[in-house]
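What follows is each chain in one-letter form.
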Amino acid sequence: MPSPAPPGTITALSEAIAEHVHDGDTVALEGFTHLIPFAAAHEIARQGRRHLTLVRMTPDLVYDQLIGLGVADRLVFSYGGNPGVGSLHRLRDAVENSWPHPLAVQEHSHAGLANAYSAGAARLPFAVLRGYRGTDLERQRDIISSVTCPFTGEELAAVKAVNPDVTVIHAQLADRDGNVMLWGITGVQREAVLAADRAIVTVEQVVDEFPERTGAVILPNWVLSAVCVVPNGAWPSYAAGYSVRDNDFYQRWDAIARDRDSFLAWAADNDLKESADA
Amino acid sequence: MPSPAPPGTITALSEAIAEHVHDGDTVALEGFTHLIPFAAAHEIARQGRRHLTLVRMTPDLVYDQLIGLGVADRLVFSYGGNPGVGSLHRLRDAVENSWPHPLAVQEHSHAGLANAYSAGAARLPFAVLRGYRGTDLERQRDIISSVTCPFTGEELAAVKAVNPDVTVIHAQLADRDGNVMLWGITGVQREAVLAADRAIVTVEQVVDEFPERTGAVILPNWVLSAVCVVPNGAWPSYAAGYSVRDNDFYQRWDAIARDRDSFLAWAADNDLKESADA
Amino acid sequence: MPEWDSAEMMNVAAARELHDGDVCLVGVGPPNLAANLARRTHAPNCRLVYESGAIDAKPRRLPLSIGDDDLAATATAVVSVPEMFNFWVGAGRIDVGFLGAAQIDRFGNINTTVIGAHAHPKVRLPGAGGAPEIAAAARRVIVIVKQSPRTFVETVDFVSSVGYGPTGRERVAPGAGPTRVITDHGVLEPDPSTNELTLTRLHPGVTVEQAVATTGWVLKVAEGIQEVPAPTTAELTALRGLRNREASDA
Amino acid sequence: MPEWDSAEMMNVAAARELHDGDVCLVGVGPPNLAANLARRTHAPNCRLVYESGAIDAKPRRLPLSIGDDDLAATATAVVSVPEMFNFWVGAGRIDVGFLGAAQIDRFGNINTTVIGAHAHPKVRLPGAGGAPEIAAAARRVIVIVKQSPRTFVETVDFVSSVGYGPTGRERVAPGAGPTRVITDHGVLEPDPSTNELTLTRLHPGVTVEQAVATTGWVLKVAEGIQEVPAPTTAELTALRGLRNREASDA
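Residue numbers (the numbering used here), protein chains in the order written: chain Z, 1 to 278; chain Y, 1 to 278; chain E, 1 to 250; chain S, 1 to 250.
Be aware that one or more of the hints could be misleading.
Here are the computed lysine to any residue pairs in the SDA-like style, where the Cα-Cα straight-line distance is at most 20 Å [unchecked claim]:
id, chain 1, residue 1, chain 2, residue 2
1, E, LYS58, Y, GLY86
2, S, LYS58, Z, GLY84
3, S, LYS122, Z, ARG260
4, S, LYS122, Z, ASP259
5, E, LYS146, Y, ASN247
6, E, LYS220, E, GLU154
7, E, LYS122, Y, ARG74
8, S, LYS146, Z, PRO102
9, S, LYS58, Z, PHE210
10, S, LYS58, Y, ARG260
11, S, LYS146, Z, GLY86
12, E, LYS58, Z, GLU212
13, E, LYS122, Y, ARG260
14, S, LYS122, Z, PRO102
15, E, LYS122, Y, ASP136
16, S, LYS122, Z, ARG176
17, E, LYS122, Y, GLN106
18, E, LYS58, Z, ARG176
19, E, LYS122, Y, HIS101
20, S, LYS220, S, GLY116
21, S, LYS122, Z, HIS101
22, S, LYS122, Z, TRP99
23, E, LYS122, Y, GLU209
24, E, LYS58, Z, PRO231
25, E, LYS122, Y, PRO100
26, S, LYS58, Y, ARG176
27, E, LYS122, Y, PRO211
28, S, LYS58, Y, PRO211
29, E, LYS146, Y, PRO211
30, S, LYS146, Z, GLY84
31, E, LYS58, E, THR76
32, S, LYS122, Z, SER87
33, S, LYS122, Z, SER145
34, E, LYS58, Z, ASP177
35, S, LYS58, Y, GLU209
The set of hints was computed from the structure by calculation and includes no laboratory data.
The shape of chain Z in the complex, shown without the other chains:
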């Protein structure tokens, strides 16, 4: 269960990461293309966290960066590409060449990992889905198995629950009590937050009252550990209503990340070098 922040406590990002993200933790930074918590990820790297297990449906640039910086020992994911562009070169370099060090991999389908978070949010040990059947993903028996329906005898896939130590998301709004609101493509954020022991949210803005937004997810302050105001904290991803996706950067990243030296130069330019020294 999340350790609640005193309702209304809005803290600095550096404090939130220092207090709630520890070496060796299982950390999920979620956001499906939209609302990816880049600023929080960079703060994790700046604080020199090590040996993390990183969980995320779509690792995207944010995990390419963390992996290249040597923050992660393990990756749990379902799709590790730069959408519409190509490979995540730092992820590939880690898996293919163990640079900067080896990266263990557990992989799911989207359906499987989404259900694993949902089971985690319900504090159930597993979820049932019609999936994985016949794929080689099923060989990961420690996370993907099967159950038999007690009513029909049908065999179905079972996926082990995912319960991160910490989930980090970015959202559009917090109110003055520290309740959080996000909308647009909300992905698996609700489930990832509720599955975690602790949850950190960066937001674009604090408001007196939430607007009406169809499709919004609202998270009460008592399931959150920290709320931090970080405008544009999702760049180069976006926050609907606040920014647009920086597709240019997504394409430029391909060249930056393709090469270790250009990656390290980028990291140095962004005050992210320290973690890469590990």
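Assemble the complex: chain Z is given as a structure, and chains Y, E and S must be docked to it using the hints.
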């Protein structure tokens, strides 16, 4: 899978019921206190449907009426009271005294029936939950059983999926394409609609464009069989933004339903007598 | 003003079980009254969760049902019923579940389903509703029920929600179970070693004999039984205000 | 204007597989282009569903990712990713799933995970994403992939998504499987009795020999093989318009 209405088709309630609700069907009229589809229920009774299996988490007055009118052979439910008032007397008379004829009962907890709808909506044969353990509800082994987690060995409850032939709900809005929007307490309506083979929705109003409403559920026209404009179709329940709950009627119902004669008089007054003759 | 009846004393005693900051799952009937009373007196920051999906509801008047618009309109968030039971109740996010009972036995097992046999009941009661999973998962369960030999029975006709199981030793659920049973006569608590419900406190003016006489089993009485403080003026004012608003709204 | 290259022909042929009114689950890359092309040409009422949660998205320009704001902003509804996979994909509400492949074998089994061994891959590919369940549950699966001996392989290094199984007889999923494989050379369809992918149509100007030479197994060729109609001016205009807007947006 729902047989889709041609998008944009908005039909008369009498036609929708005539076409999609058949004798012997399993019918779910859902709505958790809010947005209960009373008008559609009365149309089902007026058209003289028989031998229905009625599914609903909270039978409420709407099923007390249908049961008293002899429409149902069986009830699947989780809480059969008049909330804040007391018993559902027609439900009791049917179960205790077989009036107007015997009523078979399958009963769940709220958690169980909500998950049974969710499994139905996903076309899974069952759902897993941490529930029912140690209760006598578990004796209904044809609908409540157990499964063992393949990862932890923990034994959990399994509930058989519910897939109604028809689900009927009431909503605030349809757009001109027949997409539907509801908000406020939306209960289990999304799951009940998606679990059904066919779905009928009565709405307060048709609009050109949906407003923004936090917490709204939107159902695309292609999962709906019919959309019918029935202002105040949830009375004496309510539609947030359009009406308030007629708590007076909920209290008066206790006296109306307590006695067979006063119930039949009420039915006659409301043009619902025919079905009761069965 | 401090003239009060036993039902008022029961509601006040139940409300006092809720601590400020608790997350409370509120059921229909007396639990609804007790939780809202707590929020208007000593526990203004308790968080009311209704199984209809309203989280942090701040009802302006006592809701007649658990799905009144006022609950949704004043809630921090409204979620679907499946989400409520899976992600909030089942996940163990509820500190206190308030439950009622038609029958309760000495080990806190509750019947709200039938009097008589399930297939051919003498009295068909409303059924389990949200209670089985609330009873299992809430960290503490508070039962509010008037005492009578028909209600406090040796064996419940049907186990709708589990307390400590048939012999008091079968509870396997994550929550602590029925830690308090608040009646119109006093308060019962499970014996720490046997889980048998034991009379630990009496309301002012009630005798042990009355409590024993209205219990269908041989009621265990704690040594050094204490008296529940009488309702304060503030409590009675708030309670009656809630009730009046309920009436004027209904 | 009707000058076109093989990639354009492939995208046009893929788009034509989508019928008006179809519910189409759109993946990243070429499927995204084909589905949006269909919606701008012969299938204006096809319904685009993106695994990010957007249902009935009507993108005004080609989205670069499957989570662009334009998809959410123009969708009839946006749902969570778990709901998308459970209630929409898994429930069988998708008529057509468009998929890509890094490797595909003669029975339509797809690899998008690794070249080489999973534990120590030579090439780490993006992984399965939404494809395994789309491949299983969509009523028809259309694979879009350029032909080459490295891509059309005897045995895939890793089964990310099942077609008809290792010998063509193991498919147990509810959907019909990969009913069409659209390449830069033509169209392959499963043989009705063996499920072996068989060349049934060629794009204009492509020979059977070219298709055979770019297939890593002994390619079966249908009798009476047909030619795919060349892209129309309308198709090419729409396709290039989409691409240009993609470029100007990116």
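Quick rundown of the hints versus the structure:
1. E:LYS58 to Y:GLY86: violated (25 Å)
2. S:LYS58 to Z:GLY84: The given pair, whose Cα atoms are some 18 Å apart, holds under the 20 Å limit.
3. S:LYS122 to Z:ARG260: holds (18 Å)
4. S:LYS122 to Z:ASP259: holds (17 Å)
5. E:LYS146 to Y:ASN247: Roughly 26 Å between the alpha carbons, so the hint for LYS146 (chain E) and ASN247 (chain Y) is violated.
6. E:LYS220 to E:GLU154: holds (13 Å)
7. E:LYS122 to Y:ARG74: holds (19 Å)
8. S:LYS146 to Z:PRO102: violated (33 Å)
9. S:LYS58 to Z:PHE210: Cα-Cα ~28 Å, so violated.
10. S:LYS58 to Y:ARG260: violated (55 Å)
11. S:LYS146 to Z:GLY86: The given pair, whose Cα atoms are some 16 Å apart, holds under the 20 Å limit.
12. E:LYS58 to Z:GLU212: Measuring from Cα to Cα gives roughly 19 Å; hence the hint holds.
13. E:LYS122 to Y:ARG260: holds (18 Å)
14. S:LYS122 to Z:PRO102: holds (14 Å)
15. E:LYS122 to Y:ASP136: OK: LYS122 (chain E) and ASP136 (chain Y) at ~17 Å, within 20 Å.
16. S:LYS122 to Z:ARG176: violated (51 Å)
17. E:LYS122 to Y:GLN106: holds (17 Å)
18. E:LYS58 to Z:ARG176: holds (17 Å)
19. E:LYS122 to Y:HIS101: holds (17 Å)
20. S:LYS220 to S:GLY116: Violated - the C-alpha atoms of GLY116 (chain S) and LYS220 (chain S) are around 27 Å apart, more than 20 Å.
21. S:LYS122 to Z:HIS101: holds (17 Å)
22. S:LYS122 to Z:TRP99: Holds, at roughly 14 Å.
23. E:LYS122 to Y:GLU209: violated (53 Å)
24. E:LYS58 to Z:PRO231: violated (31 Å)
25. E:LYS122 to Y:PRO100: holds (17 Å)
26. S:LYS58 to Y:ARG176: Given that 20 Å is the threshold and the Cα spacing comes to 17 Å, the pair holds.
27. E:LYS122 to Y:PRO211: Cα-Cα ~50 Å, so violated.
28. S:LYS58 to Y:PRO211: Measuring from Cα to Cα gives roughly 19 Å; hence the hint holds.
29. E:LYS146 to Y:PRO211: Between LYS146 (chain E) and PRO211 (chain Y) the Cα gap is close to 48 Å, so the pair fails against 20 Å, i.e. violated.
30. S:LYS146 to Z:GLY84: holds (17 Å)
31. E:LYS58 to E:THR76: OK: LYS58 (chain E) and THR76 (chain E) at ~9 Å, within 20 Å.
32. S:LYS122 to Z:SER87: holds (14 Å)
33. S:LYS122 to Z:SER145: violated (27 Å)
34. E:LYS58 to Z:ASP177: Since the Cα atoms of LYS58 (chain E) and ASP177 (chain Z) sit roughly 15 Å apart, the hinted pair holds (cutoff 20 Å).
35. S:LYS58 to Y:GLU209: holds (15 Å)
Consistency with the previously given hints fails for numbers 1, 5, 8, 9, 10, 16, 20, 23, 24, 27, 29 and 33, ordered from lowest to highest.
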